[in-house]
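Visitor: Residue numbers (the numbering used here): 1 to 72.
These aren't lab readings, by the way, just hints derived from the structure by calculation.
Since the model is a prediction, treat every value here as computed from it, not as a measurement.
Please note: incorrect hints may appear among the correct ones.
What the hints assert, rightly or not - Under the rule of at most 16 Å between Cα atoms (straight-line distance), these lysine to aspartate or glutamate pairs were calculated in the EDC-like manner:
#: 1; residue 1: Lys10; residue 2: Glu36
#: 2; residue 1: Lys3; residue 2: Glu27
#: 3; residue 1: Lys39; residue 2: Asp9
#: 4; residue 1: Lys39; residue 2: Glu27
#: 5; residue 1: Lys39; residue 2: Asp11
#: 6; residue 1: Lys63; residue 2: Glu27
#: 7; residue 1: Lys3; residue 2: Glu17
#: 8; residue 1: Lys25; residue 2: Glu71
To be verified - Here are the simulated distance ranges between beta carbons:
#: 9; residue 1: Ser72; residue 2: Pro46; range: 34 to 44 Å
#: 10; residue 1: Thr15; residue 2: Glu71; range: 33 to 43 Å
#: 11; residue 1: Glu64; residue 2: Lys25; range: 13 to 23 Å
#: 12; residue 1: Glu71; residue 2: Ser40; range: 19 to 29 Å
#: 13; residue 1: Phe6; residue 2: Pro67; range: 21 to 31 Å
#: 14; residue 1: Ser72; residue 2: Leu30; range: 15 to 25 Å
For each residue, glycine too, the CB sits at the ideal point set by N, CA and C.
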Amino acid sequence: MAKIGFDWDKDWHLTFELKNLGDNKTEFTLIHSGFEVEKSTAFGQPHSVVRETMDGGWQKIVKERLPSFVES
1 MAKIGFDWDK
11 DWHLTFELKN
21 LGDNKTEFTL
31 IHSGFEVEKS
41 TAFGQPHSVV
51 RETMDGGWQK
61 IVKERLPSFV
71 ES
């Protein structure tokens, strides 16, 4: 398994994991951590609100854009 991670701003940490499944297939896992219900961002947005927004963005990126990019 290959893994890379980095901090995004002061609150978030992103980890990307790639696992070789054989037969020319790879499993991709995205872990976006750092969300705490009682915290707010530097801009005053509650983490719960930001999480909902980012979840929608990651869904589109991981399920639509990434496969399209890999297949082209």
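Visitor: So which of the earlier hints does this model not fit?
Guide: 4, 10 and 12
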